[in-house]
Amino acid sequence: MKNNLILAIAISATLAGCADLKEFEGGSALGGLVTITKSGPGQQQPSTTSASGSPILSATPQREAQPGTKACGERREDVIDLAVDVDTAYVRLKRHFRYPTLEERKRNSWGFIDEGFRHETSPGARYWMKNGVKVVMDGKLFKGWLSTEIERNGPTSTVYLRYCIGGIEGFNGVPADFPQKLIAQVRAAAERKRSQ
1 MKNNLILAIA ISATLAGCAD LKEFEGGSAL GGLVTITKSG PGQQQPSTTS ASGSPILSAT
61 PQREAQPGTK ACGERREDVI DLAVDVDTAY VRLKRHFRYP TLEERKRNSW GFIDEGFRHE
121 TSPGARYWMK NGVKVVMDGK LFKGWLSTEI ERNGPTSTVY LRYCIGGIEG FNGVPADFPQ
181 KLIAQVRAAA ERKRSQ
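Residue numbers (the numbering used here): 1 to 196.
Please keep in mind that the hints were generated in silico from the structure rather than gathered at the bench.
Check before you lean on any hint, since a few could be wrong.
[As the list claims (entries may be wrong)] With a straight-line cut-off of 30 Å between C-alpha atoms, the simulated DSS-like cross-links for lysine-lysine are:
1) Lys-130 <-> Lys-193
2) Lys-94 <-> Lys-193
3) Lys-106 <-> Lys-143
[Unchecked claim] Beta-carbon label-pair distances, calculated as ranges:
4) Ala-83 <-> Lys-181: 15 to 21 Å
5) Lys-143 <-> Ala-176: 15 to 21 Å
6) Pro-155 <-> Ala-188: 15 to 21 Å
7) Asp-177 <-> Arg-107: 36 to 42 Å
We treat Cβ as the ideally placed atom computed from N, Cα and C, and that holds for glycine.
Work the whole structure out from these sequences, hints included.
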């Protein structure tokens, strides 16, 4: 709700100085953050019109309109079954990837929390952590956003890793076997085994 209000205010402020909205049709505003499209009765797109019958302009955030582009190159999701319980897996993976809790993040962020940050806990059932992390592989350091969701699976646990290879939020310059080595690293950290 807060983001929608901020977006509406930003669009209103941007468009307030324009005498004619036609310069924005099919273009973008706010430095490319939103794309403005025109929908009307004679066009193929589904549209909404006002009571007077005039077309309504709609703004769509570009991240939602074009998934898999600049912010993220290739989306990956890997599922790993672990031989340890959910709470043990959480503690070990939190320590391995240095995921901060919300309180730690607030204390060290100067009041700024990234929109993608997550740290949700339901002890004994489910954990979800998402943050920018550093992964050391073959002596090289790679940085990117990593989402680690851990769910209880009876006496064991299942981990869902979500990340991007390439793009602004993804891991860049990684070797071709990065996904396999990341899975091995997660398994080794959670189960306390030595990775290859």
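(request) Using the beta carbons of Pro-155 and Ala-188, state whether their distance is inside 15 to 21 Å or not. (result) holds, 20 Å
(message) Assuming the hint says 15 to 21 Å, is it satisfied by the Cβ distance from Ala-83 to Lys-181 or not?
(response) This hint holds: roughly 19 Å between Cβ atoms.
(request) Take the C-alpha atoms of Lys-94 and Lys-193, compute the straight-line distance between them, and say whether it is at most 30 Å. (result) Given that 30 Å is the threshold and the Cα spacing comes to 16 Å, the pair holds.
(request) Given the hint of 36 to 42 Å, check if Asp-177 and Arg-107 actually sit that far apart at their C-beta atoms. (result) holds, 37 Å
(message) Checking one constraint from the list: CA of Lys-106 to CA of Lys-143, max 30 Å. Satisfied?
(response) holds, 21 Å
(request) Given the hint that Lys-130 pairs with Lys-193, test it: the Cα-Cα distance must not exceed 30 Å. (result) holds, 23 Å
(request) Using the Cβ atoms, figure out if Lys-143 sits within 15 to 21 Å of Ala-176. (result) Hint holds: Cβ distance 19 Å, inside 15 to 21 Å.
Checked against the numbered hints given earlier, this structure breaks none of them.
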